[in-house]
Amino acid sequence: KAGVTQTPRYLIKTRGQQVTLSCSPISGHRSVSWYQQTPGQGLQFLFEYFSETQRNKGNFPGRFSGRQFSNSRSEMNVSTLELGDSALYLCASGASISGGHTGELFFGEGSRLTVL
Amino acid sequence: GDSVTQMEGPVTLSEEAFLTINCTYTATGYPSLFWYVQYPGEGLQLLLKATKADDKGSNKGFEATYRKETTSFHLEKGSVQVSDSAVYFCALLGVYNQGGKLIFGQGTELSVKP
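Protein chains in written order, with the working numbering: chain S, 1 to 116; chain D, 1 to 114.
This is chain S alone, in the form it adopts within the complex (with noise of 0.2 angstroms):
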């Protein structure tokens, strides 16, 4: 079985453009969860999407965004990008049910993004 696969792995923006990242979580999993990892605030919870749905969203400002397709697969879009925006984002994908969510992630091994 394949695992989350996130694209690009690595990426260098400058401050005030924009970025996308993609996430394809393992077959048959429905949720998908967005993390960003940095030195000093660790592991943050962005949003997470079930069926297409955000149904959980952390403390980030707008102009960080995401979306979910027909086929799982999750977006995660940054826009007017910041110095503080520099991290590894890590995609999670779960075998969550529409009821809830038991917690097991499964991750993939992050894109990361320097901005300049």
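Just so you know, these hints were derived from the structure itself, not from any lab. For glycine and all other residues, C-beta sits at the position ideal for the given N, C-alpha and C. Among the hints, a few may not be true.
To be verified - Not everything, but these chain S residues come out facing chain D in the computed CB check (under 7 angstroms): (1) Gly42; (2) Leu43; (3) Asn56; (4) Gly94; (5) Glu104; (6) Phe107; (7) Glu109.
Position chain D against the provided structure of chain S, taking the given hints into account.
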């Protein structure tokens, strides 16, 4: 709100030493508790979990017991190997299970020397 506190690292041990990484939590009711591990250059992997008080999660020689009375979920291993060198994250999933939002601790880096 819910939170997780882990002991700070880095932790450096010799091969075959005993490992304990402390984790305590603050949450309403009985959350589910997890340990995830992140090897260099990789994403996180679920190591073990416990979903109710007094449950013991175990995997690959690692163990952790869900202690409601002390709100703790300490990770232990009797004999560490060089291959265990990684960053370990304690995490919880709150009772109200808000869309799969895991709360992670800051992570504890473990380095095992031969």
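Quick rundown of the hints versus the structure:
| no. | hint | in the structure |
| --- | --- | --- |
| 1 | Gly42 | holds, 5 angstroms |
| 2 | Leu43 | holds, 4 angstroms |
| 3 | Asn56 | holds, 3 angstroms |
| 4 | Gly94 | holds, 6 angstroms |
| 5 | Glu104 | holds, 6 angstroms |
| 6 | Phe107 | holds, 3 angstroms |
| 7 | Glu109 | holds, 5 angstroms |
Checked against the numbered hints given earlier, the structure satisfies every one of them.
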